[in-house]
Each structure stands twice: as structure tokens, then as C-alpha cells.
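Trainee: Produce the entire structure from the sequences given, and follow the hints as far as they go.
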Amino acid sequence: MTISGVALLAICTLLGSLLGDLLGVALGVKANVGGVGIAMMFLIAARLWLVRHGLLSRGLNTGVEFWGSFYIPIVVAMAAQQNVVAAAKGGPIVVIAGAGAVAVCFAMVALIGRFSGPVETMDEIEAREALEASVPHFKSGRVG
Amino acid sequence: MTMISHILAANSLITAFAAVGILMWISGAISKYLTFGRIHGSAIAIMLGLVLAFFGGIATGGEKGVADLPALTGIGLMGGAMLRDFAIVATAFEVDVVHARKAGLIGAVALGLGTVVPFILGVLVAAAFGYTDAESLTTIGAGAVTYIVGPVTGAAIGASSPVIALSIATGVFKAVIVMIGTPFVAKMIGLNNPRSAMVFGGLMGTVSGVSGGLAATDRRLVPYGALTATFHTGLGCLVAPSILYFAVRAIIGE
Chain A
1 MTISGVALLA
11 ICTLLGSLLG
21 DLLGVALGVK
31 ANVGGVGIAM
41 MFLIAARLWL
51 VRHGLLSRGL
61 NTGVEFWGSF
71 YIPIVVAMAA
81 QQNVVAAAKG
91 GPIVVIAGAG
101 AVAVCFAMVA
111 LIGRFSGPVE
121 TMDEIEAREA
131 LEASVPHFKS
141 GRVG
Chain B
145 MTMISHILAA
155 NSLITAFAAV
165 GILMWISGAI
175 SKYLTFGRIH
185 GSAIAIMLGL
195 VLAFFGGIAT
205 GGEKGVADLP
215 ALTGIGLMGG
225 AMLRDFAIVA
235 TAFEVDVVHA
245 RKAGLIGAVA
255 LGLGTVVPFI
265 LGVLVAAAFG
275 YTDAESLTTI
285 GAGAVTYIVG
295 PVTGAAIGAS
305 SPVIALSIAT
315 GVFKAVIVMI
325 GTPFVAKMIG
335 LNNPRSAMVF
345 GGLMGTVSGV
355 SGGLAATDRR
365 LVPYGALTAT
375 FHTGLGCLVA
385 PSILYFAVRA
395 IIGE
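Just so you know, the protein sequences line up as chains A and B, in that order. Residue numbers 1 to 144, in the working numbering, belong to the letters of the first sequence in order. Residue numbers 145 to 398, in the working numbering, belong to the letters of the second sequence in order.
Simulated from the structure, these hints should not be mistaken for laboratory data. Treat the hints with caution; some may be incorrect.
[Unchecked claim] Computed cross-link-like contacts, DMTMM-like style, restricted to lysine to aspartate or glutamate with a CA-CA straight-line distance of at most 20 Å:
hint, chain 1, residue 1, chain 2, residue 2
1, B, K331, A, E126
2, B, K331, B, D362
3, A, K89, B, D212
On a predicted model such as this, the values are computed, not experimentally measured, just so you know.
Mentor: Right under this line is the structure:
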């Protein structure tokens with residue numbers, strides 16, 4: 001059932017933000033600490049459990065994947081409701097501090113990537129997975 | 145005409161689906177015919193969204209871009225924190241646990257650096273612009289972390305309202321540049337694998353910037369970046385009004 005996927009997603013999201021709020025209170029912070037990240041871990045754990053028990057139905061998958069695929073349009077809507085006027089009006093201090101922070105962080109992403117050695121790119125991972133998926137198919141083919 | 149606007153306003157979320165869909169069709173066409181596929185359609189859609197938000201903000205004088213227009217209030221719901229977080233969590237379904245675990249430690253290092261480095265930079269810029277009190281310096285520095293850390297910190301340590309507004313603007317500006325800039329620098333900084341996406345999320349922090357920037361670069365990287373980025377604001381709210389504030393006070397000798 002599609003709703004079971006949507007409901008699973010909703011339960012994970014609610015649990016995550018609850019725990020994120022509790023973590024914030026425990027740390028004495030007026031913010032949600034990692035609520036979405038915690039929810040993502042719940043969902044990852046739930047998927048592993050479902051796969052292991054053979055309960056990952058097609059409908060459940062559809063329910064979650066729909067919302068995952070809806071992600072970019074939601075980000076576009078999010079961009080369309082930012083307070084861009086205020087950001088542009090802030091003047092040079094805003095521009096320098098904002099752009100500087102971004103530039104330094106971009107550089108650090110590159111540096112950390114260089115220093116920690118090469119890893120498989122997303123394309124290579126997908127190519128390898130596609131290959132692995134096709135190998136047993138060939139083996140079970142008409143060879144014997 | 146009044147009938148149309150009544151229907152649009154009464155079905156605000158449905159209107160938003162249609163409006164964003166049309167925007168994405170236009171962006172897809174621009175990507176294909178004007179940039180010959182060099183700039184991703186979603187990057188163009190996000191930029192168009194920001195441009196519309198700018199004109200919407202000027203037209204209405206509000207703070208929520210086009211969502212302040214009566215017919216487009218649904219954009220506010222569709223792009224609001226509730227559905228955004230829901231969709232981000234859903235992307236975790238695609239996370240490869242093995243890759244995420246491998247990048248765990250380095251993601252945590254990136255988180256720490258992503259809080260401290262922009263903070264120092266923000267404090268230095270604020271000092272260069274003539275701010276001398278620890279409260280203003282810390283608040284503007286916190287704004288360079290994210291636009292939530294800035295006001296939370298400012299409110300906690302008692303900064304003035306214009307300074308808090310400045311820190312929000314700094315954070316929003318940072319998020320906007322991350323959204324627009326990421327696809328252009330992605331190749332240069334090696335943003336093509338799960339590990340660098342997690343490092344990127346930890347360093348950049350702003351959930352809206354990271355998710356928008358990665359979405360425009362490579363949709364498959366979004367869950368990895370979001371996984372670390374969501375801890376960023378919480379960590380910033382934790383250390384900026386405490387450890388970092390005390391450090392600033394100690395350095396300027398108050």
C-alpha cells in the first residue's frame with residue numbers, strides 16, 4: 001500500500017523532530033538539533049529492517065520515493081519564498097561576509113577531498129552496481 | 145478575473161504545484177535550448193525562483209518572496225519547512241549505508257570546521273566594518289554560519305536589532321550563493337561522490353543552500369549532503385552563544 005510508505009516516512013519525520021527538540025532542550029539550545037538527520041537515520045534503519053524481513057513492498061517504496069522525487073520542486077518553491085530583497089539590501093558587510101564564508105568553505109571541501117584520497121564517484125558506483133546486477137543474470141543464462 | 149483569482153487562492157497548494165511545474169518546464173527549455181544542457185534545469189529553476197522572490201518581495205513589501213502574493217500563498221506551504229523536511233527525509237531511502245558510514249568521521253570534522261571557520265570570517269569582516277563589541281561581533285559571525293544561528297545567538301547574548309537583521313541577511317545571502325554557485329564549482333571541488341557531498345553538507349551547513357545547491361548539481365548527492373547539514377544549525381546554535389562568544393570576549397578583552 002502506498003499509504004504505508006507515506007505513513008512510515010511521516011512517523012520517522014515526527015519522531016526525528018521530537019528527538020531533535022528533546023536534544024535541543026537537553027543541551028540548553030533554542031533550536032532543533034539534527035531532527036531531520038535523526039529522522040533520516042530512522043528511515044534508513046527501517047528500510048534495512050524491512051528488506052531483511054522481506055516486507056519492503058512495492059507500494060511502500062512508491063509512497064516514500066514519490067516524496068523523495070518531489071524534492072527538487074519543493075526546493076524551487078523554497079527559493080521562491082526567500083527574503084531576497086533583505087539579502088540584497090544588507091549592503092557590503094553582508095556580501096563580503098556571506099560570499100567570503102562560502103568561498104572559504106568551497107575551498108575546504110576541495111582540500112578535504114584531496115587529502116583524504118580518491119573515492120568512487122556517483123557515476124562509477126552506479127556503473128559498478130549495474131554491472132554487479134547483470135553478472136548473475138549472465139551466469140544463470142544459457143551458458144550451461 | 146475575480147473568479148480565477150478566487151479559484152487560485154482557494155486551492156493554494158494545488159496552484160503552487162501548477163506554478164512550480166510551469167516554472168520547471170520553462171527552466172528545462174532554457175537549459176536545453178539556451179545553455180545546450182550545460183546548466184542543469186533545476187539550477188535554472190532555483191535561480192528563477194530567487195529572481196521571482198526578489199520581485200515578489202519588491203511588489204508586496206513582504207518577507208516571503210512570491211508567497212506574499214494572495215494567489216501564490218501555496219508556495220509558502222509547498223516550500224515551507226514542513227514539506228521540505230518531509231521530502232529531505234524521504235531522500236534517505238536512497239542512502240547507501242556503507243558509503244555514509246565510511247564518511248561518518250570526516251563528515252563530523254567538516255561539521256566542526258563548517259561552524260568555526262565561517263564564524264571567524266564573519267567576526268573579522270564585522271571588525272573591519274567598525275564593530276567593536278563582543279555581542280555584535282559574535283552575532284554577525286554567527287550569521288555567517290547560517291541565518292538561523294545568527295538570530296538565535298543574537299537573541300541569546302542580547303545584540304541590537306539592526307545587528308540581528310544584518311546577521312540574518314548574511315546567512316540568507318550565504319544560502320543564496322550556495323544555491324546558485326554550487327553547480328558551477330562542483331567539478332573544481334570534486335563534488336561527485338557521497339563522501340564529498342557529506343563533507344560539503346557539513347561545511348556549508350545551510351540546509352536550504354546545501355539542498356538547493358546539490359539538487360542543481362546532482363540529485364543523487366542530496367541525501368548525503370542533507371544528512372550532515374541538518375546537524376549544522378543545531379551545532380551552531382549550541383556553540384555560537386557559548387564557547388565562541390566567550391572566545392570573542394576573551395580575545396577583545398572585555
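Trainee: Do the alpha carbons of K89 (chain A) and D212 (chain B) lie within 20 Å of each other, as the hint requires?
Mentor: holds (19 Å)
Trainee: Check whether the Cα positions of K331 (chain B) and D362 (chain B) lie no farther apart than 20 Å.
Mentor: With Cα atoms ~11 Å apart, K331 (chain B) and D362 (chain B) stay inside 20 Å; holds.
Trainee: Assess, step by step, whether the Cα of K331 (chain B) is no farther than 20 Å from the Cα of E126 (chain A), and give holds or violated.
Mentor: holds (18 Å)
Against the hints set out earlier in the document, no violation occurs for any number.
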